[in-house]
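Chemist: What follows is the residue order along each chain.
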Amino acid sequence: MKRKSNKQEPIPEPEHLTEAERVAGERAKLLFTTLRNEAFSPTEKDALWNQVEETISRRKQRSFNTFWIAAAASVTLLLLAGVGYLVFYEDSARVMQDVAAKAKEIPEETRLILADERAVSLRKDHSSVVYKDNGALIQVDSSSTIGQQVAGDQQFNTLIVPYGKRSVLTLSDGTRIWLNSGSKLVYPSHFGKGQREVYLEGQAYFSVTHAENAPFYVHTKDMEVKVLGTEFDVSAYDDDPYTATVLTKGSVELTTQRQALFGSKKTKITPGTRAVFDQERATLQTQQVDVREYVSWKDGYLELNSAPLAEILKKLSRYYRVDIELKQPKLAGVTFRGSLELQEDIRKTLEGISLTTGLIYKQQPNERRYVLEESTIKP
Amino acid sequence: MTHSDPDHDTWLRFISGDSDAFSDLYDQYADVLYAFGMRYSTDRDLVKDCIHDLFIDLHGYRKNLAQEVNVKFYLLKSLRRKLHLAHRKSSMLRFDRWDTEDSLAINAFTFSIEQQLITDEKEREILHHLAVEINLLPDRQREILYLRFHQDLDYDEIAAIMQISVPTCRTFVYRALKELRGKLEFGAIFLIMCC
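Chains E and D are the protein sequences, given in the same order.
Using this note's numbering, the letters of the first sequence correspond one by one to residues 1 to 379.
Using this note's numbering, the letters of the second sequence correspond one by one to residues 1 to 195.
Note that these hints are calculated values from the structure, not bench results.
Since the model is a prediction, treat every value here as computed from it, not as a measurement.
The C-beta atom is built at its ideal place from N, Cα and C for all residues, glycine as well.
Hints are not guaranteed to be accurate.
[As the list claims (entries may be wrong)] If you only want the chain E side, here are some residues facing chain D, beta carbon under 10 Å, derived:
1. A20
2. K29
3. V52
4. Q97
Start from the sequences and build out the full structure, keeping to the hints where you can.
Modeler: Right, dumping it as structure tokens:
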């Protein structure tokens, strides 16, 4: 029996194979050289390569992001350690949110809290705060001026406007912010290069000075508004089940649930649009509206366009810090049209309502409580 | 595993971080891998996905890859593992089957016995017959024959790919050849009787 002891010998343990088996092996080997292979076209081959490259670059991007998230996390740790410095943008929204959360106590009067924890009370119902000299000087109610340290790392100021008060804030870049009653705004004591960011609870109207290279961000607990320069209103009251933005001019970009792992969404809106984020359903809806209805408060009146009475009274009680009760609950859904002047004195405003609706109001012994009811005498 | 092998040079350049070498590696092996993958599946997209994942892994782990390796063997082995995992995942989702047979089976072979290649008609008949017999062999045996005769892998490599021991691998080949021989003798007699 002949045996091949060649290295290519396909047969295992050749000593156990018979000639016939060896021949079968050779034939099988021959057959396998004729095996038809499935091939893919050069186009398919290239397409697959492009996919590979794309995936790799996407992963690189991701690991890059992971790096920055880690960096931001260490920054946050430093902040928690009481350093109070902020160098990284991504988390400044959260930092400002923390600052806002720290100012828990709602003062009787509008209060400005500086980075060094100095607190300034603003006596007027309609106060004004103007930042000058790149934030180093703060003019309060056009009467007194306060100096603050603005060198070094970013620090924050907080303006708290209780119910019944309003305030107009002018930042060092010229941006004007009308803060409505029951609002809190956290903002950097001075703006660094490239970015302008504030954090809002409550309602504010923004007139942002245009700066091509420095987008302006308004953060709220579940919506972020990004603009270059424009006018818009943001309403993010804690006791409302929604956060809304109404755009007067220009364009803004909204990001909802930025901090959610999934579901962060970007939406651009155009003037005349109101975007409402529903917290319960976590959805953002946009609709065309009469802008004045939502921003007129800053000019001292309410523009009403089939607004339900309950809605109007909610605004009034915030504006004047009063409780207004409806004696007949069915009145809540009655709607009104027209403009309602927001007088210095709530009683004058309520008189205005009474005149046009035929309802009457009564002031309770507790002077911050009012009751609105149907008049027994039909006009 | 010869070191002057240009394919092996590509491999060495690739693990040292040369990005051109990565695309060279793809160019050299994508077709082989595709043909290999299509032996186990009929789903072109699935095979492409597995090749995609394989190259992503290669790129991701390139710093930890061994230098001294038979590149083709290594790639085939990795792709087969990917196909196996994909196969198991998809069979786990199929509830119409109760058997737990989740091993990756090699498809039937299509040989092309050209007239130009084998001029002897009788020999061609025998090969045709053998082709049928090979496709009747158990999956594992057919797979070994394929890896040995078509992919030119040695027993150590085949054993590693199929996750069996080298002696088992040898036994499989031996059994396959014995079987083929037996069938072939029968076939040959049949042929002789016919002629």
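Chemist: Going through the numbered hints above, which ones does this structure break? Give me the numbers in ascending order.
Modeler: 4
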